[in-house]
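Colleague: Taken in order, these protein sequences are the chains called W, R and E.
Per the numbering used here, the first sequence starts with residue 3, numbered consecutively.
Per the numbering used here, the second sequence starts with residue 4, numbered consecutively.
Per the numbering used here, the third sequence starts with residue 3, numbered consecutively.
Note that these hints are calculated values from the structure, not bench results.
Predicted, not measured: the structure shown is a model, and the values here were computed from it.
Don't be surprised by glycine CBs; every beta carbon is placed ideally from N, CA and C.
Watch out, some of these pointers could steer you wrong.
Unchecked claim - Some but not every residue of chain W turned toward chain R, in silico, with C-beta under 10 Å: (1) Ile35; (2) Leu51; (3) Asp55; (4) Ala57; (5) Val62; (6) Ile63; (7) Leu67; (8) Ala74.
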Amino acid sequence: MNWFDILEAGISVFLVVFALTAVISRKLLTSIIFLSALSMTAVAGFALLSAPDVAVTEAVIGSGLVTFIFVASIRNLRKAGDGL
Amino acid sequence: MKKIFAGLLAVAFGIVLLIGISLNTGLFGYNDSLPEDGAASHYISKDVNGKTDEVVFGETTGAETGSANMVTSVIANYRSFDTLGEVTVLFLAALGVSLLAGTMDKGRKRSGSGFILRTSARILFPLMLVTGIYIFTHGHLTPGGGFPGGSMIASSFLLLYLADESFRANVKGFKVAEGLAGTLYVAIGIVGLLAAGYFLVNFLPTGTVGNLLSAGIIPVVYVIIGLKVGSEITGIVADMFNEEVKA
Amino acid sequence: MIKFASLLLIIIGLYGILSTRNVIKILVGINVMEIGINVFIIAMGFVNDGAAPILSVDNPVNVLKFVDPVAQALVLTSIVIGLGITALGLVFARKIHKKYGTYDLSETGGES
Chain W
3 MNWFDILEAG ISVFLVVFAL TAVISRKLLT SIIFLSALSM TAVAGFALLS APDVAVTEAV
63 IGSGLVTFIF VASIRNLRKA GDGL
Chain R
4 MKKIFAGLLA VAFGIVLLIG ISLNTGLFGY NDSLPEDGAA SHYISKDVNG KTDEVVFGET
64 TGAETGSANM VTSVIANYRS FDTLGEVTVL FLAALGVSLL AGTMDKGRKR SGSGFILRTS
124 ARILFPLMLV TGIYIFTHGH LTPGGGFPGG SMIASSFLLL YLADESFRAN VKGFKVAEGL
184 AGTLYVAIGI VGLLAAGYFL VNFLPTGTVG NLLSAGIIPV VYVIIGLKVG SEITGIVADM
244 FNEEVKA
Chain E
3 MIKFASLLLI IIGLYGILST RNVIKILVGI NVMEIGINVF IIAMGFVNDG AAPILSVDNP
63 VNVLKFVDPV AQALVLTSIV IGLGITALGL VFARKIHKKY GTYDLSETGG ES
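Input sequences plus hints: build the corresponding full structure.
Modeller: And the structure:
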């Protein structure tokens, strides 16, 4: 049981929990925020598996751009009451 | 009823995947070494064309690709045709977004952002821009490359859009830059075809491994890809701001 | 262990696509599947005690043990194309909302 196994187990548990919450929850904003958290946990997984190129790319794209274009699509729903 | 059926289908697909993977390589362990005669070993030891010397950082001149970052040498030299295809797919996606959502300026929301937010966004914007440019010009020495560098440039423009409601980027200029960069990439390939016989071959001399001006054509290709991806994603972000949905 | 977690992520993403009527949640499910597939490909290319595939002052010679670089090149391309797919899908969703007034596919005559 060295540090690699402990970190690997922790990251795996967080991956599955965040994915379940993102898919099952009823509100749209909760799904989007947990998708962003899942993306950041995947960045930690990439850094653990010795892949720095992929980790930098996923951090820049998954945190800023994907979350922004999701939120920009649902920000008009507050008046219509459509699940927000 | 629909959820039960969906759950059963997903679990059935998952059982097929799990059985297949555990019979092939096993679910709970990693490789101990890469296979000796596979493509990955040849790309690591840089002997695709038959040269068999060792490549040492800082000393070898005239190696096969000359870049210190092996992932970069795979993307921009050994598998450069796949990168051309990926650039085309991203171009098609940006084209679709701008055709469907490109009505100009139907009134953005009047949210009064304060003075501190606007000023600090204007201070952060050149820092993010320079970081993005640094990442894609040093793509052959440090992790990163054209794709995260261009995305960081687009994120800096997104910061300005979010902080200041009267900021309009020059979208026409970005579209011109994107088209020019894509054409330049194909033009480099055709120059390679005329100069040395293969499309997208590395025809500039590769210097010492580890210098900034080394690895032949790879820094040029990454600068072009970085500018192209940056202007494309900025165009997508600007188009997402334009259209307002009547609620 | 990460290979097993990423296969679970693919299963959860597929369940998310099939079990909802809201267009935005279908796109969230597609994104969860994409993240699962990318993590799985990188985990397949990992070598025990392997270093990151960059020659530097610490690893100057290329006869040491390195992680597979071809898998990382494929996943880089896949991440950027996933962003393009999500952007195009969300623009389609906006057009649906503009025409029918809702994001729910059962009221547009698209699904039963």
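Colleague: Each hint needs a verdict: does it hold in this structure or not?
Modeller: Okay, the hints, checked on the actual structure:
no., hint, result
1, Ile35, "violated (17 Å)"
2, Leu51, "holds (9 Å)"
3, Asp55, "holds (5 Å)"
4, Ala57, "holds (8 Å)"
5, Val62, "holds (4 Å)"
6, Ile63, "holds (5 Å)"
7, Leu67, "holds (6 Å)"
8, Ala74, "holds (5 Å)"
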